[in-house]
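S.K.: Listed here are the chains, written in short residue letters.
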Amino acid sequence: MTSVADAVVPGQRLGHVQEYIAGAGTYALQDFLYASVVGLKQISRTSDNELPTMTVQRENSQSAIPEIEAIVTCKVVRVNPRFASVNIMVVDGKPCKDDFQGIIRVQDVRATEKDKVKIYNSFRPGDIVRAQVISLGDARSYYLSTAANELGVIFGTSVAGGSLVPISWQEMQCTKTKVIELRKCAKPMQ
Amino acid sequence: MDRKRVAGPELSVAPLIEYPVDHKRWTPQQEKRHDSKRQPEDMRPIYLKTGLIGQASGSAYIELEKTKLACGVYGPKPVKRIGQTFSGRGLLTCEIKFATFSCAKRRNQMRDPQEKELSQILTQALSPAIRLDLLPKSAIEVYITVLESDGLGSCFSAAITAASVALAHAGIEMLDLVAGCSASYIQTGPARSISSGAESIPPQIFMDADLEEEKYEQGSIVLAYMPSLNEVTHVLQSGKAEGSIISQSVEHCVEACNKIYAVMHHALLESVKENQTQL
Amino acid sequence: MPSLISPAERDYILKGIECNIRADGRQRPDYREVTLETGVVSQTSGSARVRIAGGTDVLVSVKAEIGPVLVDPETGDGADKGQIICSVECAPSASQQFEGRGADELNNELTQMMSRFLSHSGPAASSFLSTTSSSSSSSTAASTTAKTTSGAGGINLSKLCIIPGQQCWILYVDALVLDYGGNLMDAIFMGTRAAIYDTRIPKTEVQDLGDGQFEFEVLDDAEDTEEVAGREDMPLCVTLNKIGARHIVDASPLEELCTEAKLVVAVNRSGELCGLQKGHEGGIEPSLLLEMIQSGKTMGQSLIKQLDASIKKEAESDLAKRQRGEPVHKLGFFAQ
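Protein chains in written order, with my numbering: chain A, 2 to 191; chain B, 5 to 283; chain C, 3 to 338.
Treat the hints with care, since some could be wrong.
[Said to hold, decoys possible] Straight-line alpha carbon distances no greater than 25 angstroms define the calculated BS3-like cross-link-like pairs of lysine-lysine that follow:
#1 B/K84 to B/K120
#2 B/K81 to A/K76
#3 B/K84 to A/K95
#4 A/K115 to A/K188
#5 A/K117 to A/K188
#6 A/K95 to A/K76
#7 C/K205 to C/K161
#8 B/K277 to B/K263
#9 C/K205 to C/K314
#10 C/K314 to C/K299
#11 B/K109 to B/K28
#12 A/K76 to A/K179
#13 B/K53 to A/K98
#14 A/K76 to A/K177
#15 A/K95 to B/K277
#16 B/K84 to A/K76
#17 A/K95 to B/K81
#18 B/K28 to B/K70
#19 B/K120 to B/K81
#20 A/K98 to B/K81
#21 B/K109 to B/K120
#22 A/K98 to B/K84
#23 B/K120 to B/K70
#24 B/K41 to B/K72
It should be emphasised that the hints constitute simulated quantities derived from the structure, not laboratory data.
These figures come from a predicted structure and were not determined experimentally.
Make a model of the complete structure from these sequences and hints.
M.R.: Shown next as structure tokens:
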């Protein structure tokens with residue numbers, strides 16, 4: 002469908018703002034649309050009464066960076082009573098070349114009974130967690146939240162070293178010793 | 005000299021030299037350029053290629069005859085520097101390093117004040133083109149290594165060109181590519197005494213001057229320009245010149261930048277083509 | 003020295019500039035009041051202090067020392083020339099941000115710009131690649147050496163040579179920023195011009211001993227000294243700040259924070275451009291660039307006239323007082 006003839010470079014004029022809507026990889030300045038990345042241009046039409054959207058498919062995707070509301074996959078590196086620090090490894094399904102720092106504060110672990118949350122009973126170092134970015138945070142870390150059913154620990158290892166399987170929304174069981182450990186589990190997705 | 009440690013060769017061989025023995029040093033009195041095939045407004049041919057550094061997010065290599073430099077772009081990645089406050093915009097840092105063997109005089113391994121300043125200028129020249137507002141809390145790092153320098157002006161303008169191509173190659177969102185171009189003002193024609201400077205002939209503008217020509221320059225200009233947005237992102241002029249010469253050389257440089265843009269465009273399309281054939 | 007500005011304040015400044023009225027009541031091409039005083043430090047060969055109403059305070063000193071000439075091994079240039087070595091240092095007392103290594107980048111930027119404008123090599127001198135390669139790693143303020151014929155800097159370096167190929171005068175031009183109130187570069191250049199005007203170099207007597215041997219003696223006579231040749235041709239610089247679609251001169255710190263791009267234009271009294279440099283992280287359209295260069299040029303020339311007049315006035319009044327036998331009082335450091 003796409004060919005090299007559709008390849009564009011940053012700054013290349015793509016059309017008039019009255020003809021297209023600026024999509025990903027493009028920007029509008031004054032009356033014109035320009036490409037902002039190297040790649041192949043694509044025009045997609047959603048409905049007849051809307052303008053077609055112009056997007057540029059990146060040829061060489063830049064490393065993903067966390068954005069507000071993005072779903073990220075991260076690994077817990079440290080826990081303390083106030084928050085769990087994590088390394089963000091994947092943003093919206095795209096891997097990051099370099100890990101970004103994030104924290105899950107105690108009040109962001111779950112949506113209900115926030116005052117009863119104990120970080121130790123929710124995350125342990127080494128757990129893989131699915132979370133949502135709620136704020137760009139401070140100078141160092143992004144602020145993440147797991148306050149939704151499908152967010153929380155998706156993979157963990159028990160004290161004995163076996164992998165954990167979720168048995169309820171706040172319990173996980175070791176496959177080796179059958180010991181139950183407490184976690185804020187993510188609802189398994191089909 | 006310590007003869008024990010510095011053992012000279014027993015045999016000596018005549019050095020390989022580039023020029024015949026009767027070669028005369030170029031002077032502007034010859035009313036021609038150092039490379040006699042070039043007209044004053046001609047640039048050297050440019051070789052530009054992307055993707056030669058595997059580890060980098062994006063990279064470019066540029067060669068203008070004897071000016072050769074490589075550029076690698078890393079990022080966007082988390083800001084690592086401590087003491088950095090929260091910033092809603094991305095942070096661009098550029099570092100230009102002359103290889104120790106790149107100039108006539110050996111350069112120090114430590115960064116000298118000139119390299120620091122050029123790095124700063126490079127940041128100023130590139131940041132108008134990058135959409136840093138889309139990259140909060142992230143850093144982009146641009147590293148340039150000058151392998152061979154044939155004139156500082158051309159070296160610096162090549163650095164700008166290569167860096168912006170490398171940034172585009174890294175997939176970083178940009179408003180436009182930045183092309184860099186240099187020019188020198190050189191007094192040509194027969195030598196005249198400085199005292200009779202009243203009947204001054206305007207100096208010639210030599211685009212993309214090389215080292216030999218730079219030795220005779222009265223002044224020089226480096227211009228960074230975004231061709232499709234029609235904006236100058238940096239200008240650096242040194243030496244004495246009339247206002248008319250400046251405006252003329254700015255126009256020449258803008259024109260040349262448009263030509264360089266075509267080369268940059270081509271190099272990036274080549275990289276797309278290569279990717280397509282691999283698929 | 004503020005480092006952040008609120009969007010509301012930025013908008014206020016931007017709209018004001020659009021209407022040609024700035025926060026302190028000036029119009030776009032207006033300078034603030036400049037106070038100038040020469041001969042303020044007794045240990046120097048020449049010194050000047052420039053204050054711009056509203057904060058900026060720069061002390062420039064010139065020290066003349068005798069040293070070996072710097073010869074280019076390849077071309078043999080520089081054997082009959084003196085040297086000018088510039089450095090700029092922002093004192094930590096001027097702003098909290100200059101503390102420690104905080105001012106390193108600014109020092110280096112200003113030093114390099116000053117050396118480039120004041121001592122750019124003229125034709126047939128070696129390329130400016132080699133001029134800055136001598137690094138000063140230990141000192142905080144980076145110094146740069148450069149050799150010049152009557153290049154852009156104006157000063158006649160051949161006159162600074164004592165014995166060709168051996169000894170020459172080296173002028174160390176050191177600018178110390180005591181307080182920051184915007185528009186540093188213009189203040190530094192005004193101070194440098196005034197300090198060079200104030201500089202007196204002792205006369206020397208060279209004796210030829212034969213066989214290429216020379217000996218010289220520095221005459222120890224305070225009355226019999228030389229002025230720096232070519233000082234009239236030194237450039238002055240004007241910094242234009244592009245804010246919105248307009249440009250202003252002599253920006254205050256807050257206006258500097260709103261600046262998209264700034265352009266430093268160095269110009270000498272005959273209207274020749276001696277240097278040009280863009281700063282800050284924004285672009286300028288080519289047509290606006292040329293317009294800014296033009297207005298910088300005319301402004302710079304009138305600034306040179308005013309500065310020269312005030313230097314002359316001060317020198318004359320000092321001389322008149324001395325002749326009348328009255329003591330010469332300088333304003334000193336804490337005068338307002």
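S.K.: Determine for every hint whether it applies to the structure shown.
M.R.: Tested hints:
no., hint, in the structure
1, B/K84 to B/K120, "holds (20 angstroms)"
2, B/K81 to A/K76, "holds (17 angstroms)"
3, B/K84 to A/K95, "holds (21 angstroms)"
4, A/K115 to A/K188, "holds (19 angstroms)"
5, A/K117 to A/K188, "holds (21 angstroms)"
6, A/K95 to A/K76, "holds (15 angstroms)"
7, C/K205 to C/K161, "holds (11 angstroms)"
8, B/K277 to B/K263, "holds (21 angstroms)"
9, C/K205 to C/K314, "holds (23 angstroms)"
10, C/K314 to C/K299, "holds (23 angstroms)"
11, B/K109 to B/K28, "holds (21 angstroms)"
12, A/K76 to A/K179, "holds (24 angstroms)"
13, B/K53 to A/K98, "holds (23 angstroms)"
14, A/K76 to A/K177, "holds (22 angstroms)"
15, A/K95 to B/K277, "holds (24 angstroms)"
16, B/K84 to A/K76, "holds (19 angstroms)"
17, A/K95 to B/K81, "holds (14 angstroms)"
18, B/K28 to B/K70, "holds (19 angstroms)"
19, B/K120 to B/K81, "holds (23 angstroms)"
20, A/K98 to B/K81, "holds (8 angstroms)"
21, B/K109 to B/K120, "holds (18 angstroms)"
22, A/K98 to B/K84, "holds (14 angstroms)"
23, B/K120 to B/K70, "holds (23 angstroms)"
24, B/K41 to B/K72, "holds (21 angstroms)"
The structure shown violates none of the earlier numbered hints.
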